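For the record, the sequence lines run as chains A and B. Here the numbering used here runs 21 ahead of the position in the first sequence, where the first position is 1. Here the numbering used here runs 807 ahead of the position in the second sequence, where the first position is 1.
Rather than coming from a laboratory, the hints here were simulated on the basis of the structure. No experiment lies behind these values; they were computed from the predicted model shown. Be aware that a few hints might be false.
To be verified - Lysine to any residue pairs mimicking SDA-like chemistry, simulated, CA-CA at most 20 Å apart:
1) A:K472 x B:I930
2) A:K494 x B:K913
3) A:K472 x B:V892
4) A:K472 x B:H926
5) B:K914 x B:V892
6) B:K932 x A:D459
7) B:K932 x A:M458
8) B:K913 x A:D459
9) A:K472 x B:P923
10) B:K932 x A:K494
11) A:K472 x B:S925
12) B:K932 x A:K96
13) B:K932 x A:G463
14) B:K886 x A:F489
15) A:K154 x A:Y104
16) B:K932 x A:Y104
17) A:K472 x B:A928
18) A:K96 x A:K154
19) B:K932 x A:S462
20) A:K472 x B:G922
21) B:K891 x B:P910
22) A:K472 x B:Y879
23) A:K192 x A:D128
Said to hold, decoys possible - Far from chain B by the CB rule (all over 12 Å, computed), these chain A residues:
24) E271
25) K324
26) L375
27) A496
28) K519
Ideal Cβ placement from N, Cα and C applies to all residues, glycine included.
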Amino acid sequence: MGESKSFNNCQEGKEFKTRSGIPIKEIYTPSDLKKWDYMEKLSSPGEYPFTRGINPASERIDWRISQYFGFGSGKSTNEFLKYVLSQGAQHLVIAFDLPTQCGYDSDHPMSHGEVGKIGVAIDSLQDVENIFKGISIEGRSMSPGGSNGIGPIVLAWMLALCEKLGVSPGKVRFSFQNDPLKEFISRGAYVFPPKQALKFAVDVVEYCHRKGFELTSPIMFCGYHMREGGASITQAMAFTLANAVAYLDELQNRGIKVDEFTGGLEIFLTGGEDFFEEIAARRAFRRMWAKVMKERYNCRNPKRLKAFLQEYTMGSRMTAQQPLNNIVRCTIAAMAAVLGGANGLIVSSYDEALGLPSPEALRVALRTQQIIAEESGISNTSDPLGGSYYVESLTDEIERRAMELFERVQEMGGALAAIENRFYQNEITRTAYQELMDIESGCRTVIGVNKYEVENEETVKPMKKVTFAEERKQAQSLRKLRRERDNDQVQSSLMRVKEAAIEEVNLVEPILEAVKLYATLGEICDVLSELWGRYEQGGI
Amino acid sequence: MTEKERIRILMGKSGLDGHDRGVKVLTLALRNEGFEVIYTGLRQSPEPIVRSAIEEDVDVIGISCLTGNHNYLCSQMLKLLREKVVSDILFIVGGIISEDDIPYLKKIGVDAIFGPGSHVADIVKFIRENVRD
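Can you build the whole structure from these sequences, using the hints too?
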């Protein structure tokens, strides 16, 4: 189908637009940048407003090559972790299974069939110990993946692990995702209602600050999941910034000035739809971030003005049809991220639309980055597209549109209001629906799906699936743990968690005590949900 | 089309899977095609999904699953439907469904499976042609 259509997207009526809807002219010239001032708009890499990147030019293009993985039990993830490390990954992002992300133990009825499926199953500190058996963590850079609804519990696991291993937690580069607000907007791995979830997350930020964990990023403001849920790049940027502001306002309410905050703050973005728009958007985002930090929080500390971008190429762009084509899509997306100044990058596995990645697909994902970094020459100079009439025009326009949307969210009362009145959700669903219609009508091309299809193609087989036998094994070891630990002590530690929640104080310390006694994730979430309830989402 | 002839569909997400982009846009697309569509929201257990399908007298149940738990969830729902002697509801599954699960799903009574990249037009056509009287 669609053979007679020309190769550009949505050009019925000869309209050329970026994926987010910005009209594109046939050529860009100096007249597009007439009132454009180099120092105001760009300045040097590493200088305000950081359009050209957060690192000084001397560092050229450099980013943290990361890999996301994890499945089954702590033991199977441990084996895989060793494999990924041997392949040259510099930053590990460990996937948690859904019961873990949603605060249920592996033997809870809600967990049935989900244990170890899309990530590793963690019920207690014991599983965490199994994941890291025989792996030195000092100085390592890693992100315990799905720590959103359960941020303080994941932090407590990591602190307890450090204690067991005799490593100072200040010497590990932890990045906690810990952004529950976006779970109400897309992906849905929420536990508690929005207000309590926000405070629970900020407990992690506050705790890490007070302990002086300078290497740790206690929160990542996530646009990734919104994009995967259908948001345009401008929507994702605006909403991510608005969510960041909600967390940082709460931090300031606790007497910690954003400018004085000691740890790292990361922004988690994704891309892969439109090469130049993706590049421009990252440059625009850094400028927006720097301005908001400066104007709203009076930040002077360069560390706070710099937006550290961790990226993951879009999984939803991976097609089940002709999956090897995804390697090309990933390469384009990864190049856009790098040219846009990403500071950390994960490349999707080409078989992502078919199930858990195979070791081969994981390796290709890693090699894609290594080829870009070490063969292509792309990383030889900082912000190589800076000054391009087209890229600079797009950067300005994306910033203008995203800032306008950000202001709209502020006017309606900020992120919590935009979640509660469903502004975010409705905006994103509208965009996702339009995209579906564009693909259906052939107005937007997806190679192999609505154009150049192959009949009866053979699909690539994904890796073996996690079975119920493994779920039963996980539940068995959980029951064994419950029998063998000191249950009186566990119960009183859980009572202390509850008391602290009633007093509305920071919950990390009491949770850490409970975690060290092998209280389970489900038990901790249950005492908190007695007070806060668990969030329930309605239908449409 | 009159109210009575209108095909009623219940779209559901079961288990802990929160990937709801597909189910939401398909809900809107099917409404646009003239169907009456209810979407349950996330984390519904098989029981309430089957119960509302029967109460709402729907013609079609559409389940979305992207986490690989489709075999278990579908078998639960189809078992409940059989227990309640309901055989006139078309049962459709969408999401990331691996090829080797398809024979099993068909065997337990799933009427159609629509994986990633499926066309709305094909789903609409399937429903129109297969809804049981």
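Hint by hint, here is what the structure shows:
Under the criterion of a C-alpha separation no larger than 20 Å, the hint pairing K472 (chain A) with I930 (chain B) is consistent with the structure, at around 18 Å. A distance of roughly 29 Å separates the Cα atoms of K494 (chain A) and K913 (chain B); the hinted pair therefore is violated under the 20 Å criterion. Between K472 (chain A) and V892 (chain B) the alpha-carbon distance is near 43 Å, which puts this suggested pair outside the 20 Å criterion. With a CA separation close to 12 Å, the supplied pair K472 (chain A) and H926 (chain B) stays within the 20 Å bound.
Proposed proximity of K914 (chain B) and V892 (chain B) is supported: the alpha carbons are some 18 Å apart, at most 20 Å. Between K932 (chain B) and D459 (chain A) the CA atoms are separated by roughly 19 Å; this keeps the pair inside 20 Å, and the hint holds. Taking the CA atoms of K932 (chain B) and M458 (chain A), the gap is near 16 Å; set against the 20 Å cutoff, the hint holds. With a C-alpha separation of about 31 Å, the suggested pair K913 (chain B) and D459 (chain A) falls outside the 20 Å cut-off, and the hint is violated.
This hinted pair checks out: K472 (chain A) and P923 (chain B) have alpha carbons roughly 15 Å apart, not beyond 20 Å. Our distance criterion of 20 Å between C-alpha atoms is broken by K932 (chain B) and K494 (chain A), whose separation comes to about 44 Å. Our distance criterion of 20 Å between C-alpha atoms is met by K472 (chain A) and S925 (chain B), whose separation comes to about 13 Å. For a cut-off of 20 Å, the pair hint linking K932 (chain B) to K96 (chain A) is broken: about 47 Å separates their Cα positions.
Distance restraint check for K932 (chain B) and G463 (chain A): the Cα-Cα separation of roughly 18 Å lies within the 20 Å cut-off, and the hinted pair is therefore satisfied. Distance restraint check for K886 (chain B) and F489 (chain A): the Cα-Cα separation of roughly 19 Å lies within the 20 Å cut-off, and the hinted pair is therefore satisfied. A C-alpha spacing of about 13 Å is found between K154 (chain A) and Y104 (chain A), which places the hinted pair at or below 20 Å, so the restraint holds. Straight-line distance between C-alpha atoms of K932 (chain B) and Y104 (chain A) comes to about 46 Å, which puts the hinted pair past the 20 Å bound.
With a CA separation close to 15 Å, the supplied pair K472 (chain A) and A928 (chain B) stays within the 20 Å bound. Under the criterion of a C-alpha separation no larger than 20 Å, the hint pairing K96 (chain A) with K154 (chain A) is consistent with the structure, at around 8 Å. Taking the CA atoms of K932 (chain B) and S462 (chain A), the gap is about 16 Å. The hint holds against a cut of 20 Å. The hinted pair formed by K472 (chain A) and G922 (chain B) meets the criterion: a straight-line CA distance of about 17 Å does not exceed 20 Å.
Of the pairs offered as hints, the one joining K891 (chain B) and P910 (chain B) is violated, with about 24 Å between alpha carbons and a cut-off of 20 Å exceeded. Our distance criterion of 20 Å between C-alpha atoms is broken by K472 (chain A) and Y879 (chain B), whose separation comes to about 34 Å. Restraint check: the Cα-Cα separation between K192 (chain A) and D128 (chain A) comes to about 35 Å, which exceeds 20 Å; the hinted pair is violated. Residue placement check: E271 (chain A) keeps its beta carbon more than 12 Å from all beta carbons of chain B (closest about 24 Å).
With a least CB separation of 33 Å from chain B, K324 (chain A) remains clear of the 12 Å interface cut-off, as annotated. For L375 (chain A), the shortest C-beta to C-beta distance to chain B comes to about 6 Å, within the 12 Å cut-off, and the non-interface label is violated. The Cβ of A496 (chain A) sits about 15 Å from the closest Cβ of chain B, beyond the 12 Å cut-off, so the non-interface label holds. At the 12 Å boundary, the C-beta of K519 (chain A) stays outside the reach of chain B, the nearest C-beta of that chain being 24 Å off.
Of the numbered hints stated above, those contradicted by the structure are hints 2, 3, 8, 10, 12, 16, 21, 22, 23 and 26, listed in ascending order.
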